[in-house]
Structure formats: structure tokens, C-alpha cells
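Residue numbers (this note's numbering), protein chains in the order written: chain H, 1 to 80; chain S, 1 to 139.
Honestly, the hints are just simulated from the structure, not real lab data.
Here the structure is a predicted model, which means the values were calculated and not measured.
It is possible that some hints are incorrect.
Here are the simulated DSSO-like cross-link-like pairs (lysine-lysine), alpha carbons at most 30 angstroms apart as the crow flies [said to hold, decoys possible]:
id : chain 1 : residue 1 : chain 2 : residue 2
1  : S       : 118       : H       : 12
2  : H       : 19        : S       : 71
3  : S       : 117       : S       : 43
4  : H       : 34        : S       : 43
5  : S       : 125       : H       : 34
6  : S       : 44        : H       : 12
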Amino acid sequence: MKIDLLAFGPSKEIIGQQKTTLELPEGCTSDELKADLLERYPALGNVDSLRIAVNETYVIESVALSEGDEVAIIPPVSGG
Amino acid sequence: MKSTIRITDSVLDPEECRRFVADNRCGGQTLFAGAVRDNTQGKKVGYLEYEAYIPMAEKELARIIRASREKWPIVKVAIHHRVGTLHVGELAVVVAVSAAHRQAAFEACMYLIDELKKDVPIWKKEFFKDGEVVVSDRA
Numbered sequence: 001m002k003i004d005l006l007a008f009g010p011s012k013e014i015i016g017q018q019k020t021t022l023e024l025p026e027g028c029t030s031d032e033l034k035a036d037l038l039e040r041y042p043a044l045g046n047v048d049s050l051r052i053a054v055n056e057t058y059v060i061e062s063v064a065l066s067e068g069d070e071v072a073i074i075p076p077v078s079g080g
Numbered sequence: 001m002k003s004t005i006r007i008t009d010s011v012l013d014p015e016e017c018r019r020f021v022a023d024n025r026c027g028g029q030t031l032f033a034g035a036v037r038d039n040t041q042g043k044k045v046g047y048l049e050y051e052a053y054i055p056m057a058e059k060e061l062a063r064i065i066r067a068s069r070e071k072w073p074i075v076k077v078a079i080h081h082r083v084g085t086l087h088v089g090e091l092a093v094v095v096a097v098s099a100a101h102r103q104a105a106f107e108a109c110m111y112l113i114d115e116l117k118k119d120v121p122i123w124k125k126e127f128f129k130d131g132e133v134v135v136s137d138r139a
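Bound-form chain S, shown alone (with noise of 0.2 angstroms):
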């Protein structure tokens, strides 16, 4: 299977995940694109700032993308991940994964970006229009 992780500081760009699963033996690509929100429990955000342990997420998404395989007849699978300063609106996180048909790639993508939320060591801080900065546990 082939794959693709990305942990970077420039913006995300969904249609390069896609077009990187896109294979001839899949009828299915599905994508999952996480934006930044406008608020966290009603308080307005005004932006987020995140950090990665890179070489280990690395590793850790690696991981999770073999266990999707153990689980899915997937193809192919695209993570890319951004990191530094975002402003609402904006991708943090991009998983495509491709297969034969839809519901192994439906499964599979949401089986990555839950198990990217639990393990994977990348942190968020968020800066409130309010002064507010808090460092998130929460996902």
C-alpha cells in the first residue's frame, strides 16, 4: 500500500491528497479536511498555534495508517498535518484514503483521523479574541 505524511508549516492543500489516493482499481477517495472553528464552547477564537514532536508523529501516523490496513482493503492513504500559527477558516489536518469501494474508505478515514486525535504528538494552543490563551487537551 502506498502512502503519504506530511507535517508542515505551509498550507494544506486537499486536492494534492486526492489526487495522491486517486488509483484506478478505487471507486471510492474520501477526504476529511479539520478546520479551524470560530469558537471553542462559545468563546471566539482569534487563532491557534501548534506543535508537533515531528519525528514521532511521523512514526505514530505511520502506525495508525498499518493498523487501518490490517482492518480495511484500502489502497492508499494521504495524511498531511500543519503546523505554527492558524486562523479560523483554515485546514489543520487532510486524510484521503482510497479503495475498492466506498464503505473501506468511509471506515478507514475516520478510523485515521480519531486515532490521529488519540496518539499521534501534536498539541494546540488556542488564543482567544478575548486575551485568553489556553493550551488544549481537548481535540
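So that you can see chain H by itself, here it is in the shape it has in the complex (with noise of 0.2 angstroms):
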């Protein structure tokens, strides 16, 4: 299944750019998939608490992901 990897901030910085599609194998949870990120892109356990959101909603307990969904990387945020 094909998911939209979005990154932000020191993520983006990490990985090079704010969009991609990943293929990744069906049923993969989105614990499975911040795993394999921080295994390809070893820079981003240097970000401290990094955060996922599903479709635009931070997830607190992982949780299966679908075909089509917006995962983001999100970094500890500094608006205000």
C-alpha cells in the first residue's frame, strides 16, 4: 500500500524533502513505520520526542495504517 510521508521542521531537514509516497506492507502500524524511519535515517533519533500524526490527528497508541493515508513526522513544534 502507498502512504504520503510529510516531514516538517529538523525532520525535513533530515530527510531532504516535505513529500514522498512510501510503499510499505499492508497492515504496517505507524510504530512499524517511525521504526523504520529512524533505521534509514539514523539523524532523526537526535530529535528529541519526535511525534507522529495520522491524517492530520497525533497518534498516542500506535495504530494500523491504511492505503492513502497523510503520515507526518512532527518535531517538537516552536510556533508562537
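Hey, can you piece these two chains together into the complex? The hints should help.
Laid out in C-alpha cells, this is it:
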């Protein structure tokens, strides 16, 4: 299945682009995707308290991803 | 309760937010305006760049406004946040709240700016005068 991955702030700098499409195995969870990204981009491990949002909502407990989901890697925010 | 949320690359107008929250039932209007400081921990700031995950930032702002309404008897809220390039002295954020009495208006305004800084997906990048660039995780 395909999902859209969005990255912002420090995570965008590490991944190198704001939006990419990823092919994931069916049933892949948000935690599995996060672990996979940390493996592919070890520098993400240096970002404190990286959060994941699925379809514009923060994920509290890992959720199963579905085709077409928009998954965002949210580093600590610094608005205001 | 009426509220308005705007994320924009245009200059913010605090008076527009104040006018939005003005209401004849309300004796109190509070307004917080956050400006770009000329230094971060002593280092001279040249300019900042703000980016937002706009659709989610709008949802999160709506969520914190709903939460503030459960805590205080407030009547209207306006939150505007700027994105793009901002120079020293320019406003990055305006939060305006109205309520019948001042205590609720002050407390809800403080709560809203505090929650905005915790959860709303907006990031700043600092460009210092000495050439250093920092993707900040400090609000």
C-alpha cells in the first residue's frame, strides 16, 4: 500500500524533502513506520520527542495504516 | 462560541483580532501578541522563518479553543499565526479572547498561547546575524 509521508522542521532537513510517497506492507503500523524511518535516517534519533500524526491527528497509541493515509513526522513544535 | 483561526504569510493586525472578539456581553478583552525578539540567549537574530503543517495546525488550534471553552466562560476567540519570513519586532502570533469578566479572559488567553506552543505544528528556523542557522525546538 502507498502512504504519503510529510516531514517538517528538523525532520524535513534530515529526510531532505517535505513530501514523499512510500510503499509499505499491508497492515504496517505507525510505530513500525517510525522504527523503519529511524533505521533509514539515524539522525532522526537525535530529534527529541518525535511525534507521528496520521491524517492530521497526533497518534497516541500505534495505529494500523491504510492505503492513502497522510503520515507526518512531527518534531517538537516551536510556534508562537 | 464564535472563533476565528488564520495562518497567513501576511502581516498580522492585532486590532482585527480585538474587533473580532468584541462583544456587548463582554467586559473583558485580552490580547497576547508575540513578536520576534532581537536575540536568542544573547545571540543576535537576523530574521526567522516559520513553517506550518497548515491543515493540522488549524485543527489543533480548533481543538485547543474547544478545550479553553470547557475551562472558562469565554465568549469569542481569535488566533492568527504568521508563517514565512519575519524580521525583528514583527508579530508571529496574536491571541485575543473576550469574556464577561477579566479573569476568564486573562486565564484563557494564557492557556491558549501555552497550548499553541506545545501542540500546534508550526516551526521556526532562526537565522542569526553571524550566519548560523538553527532549526529551533525552543519556543
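- [ ] Please flag the earlier hints that this structure goes against, numbers listed from lowest up.
- [x] 2, 4
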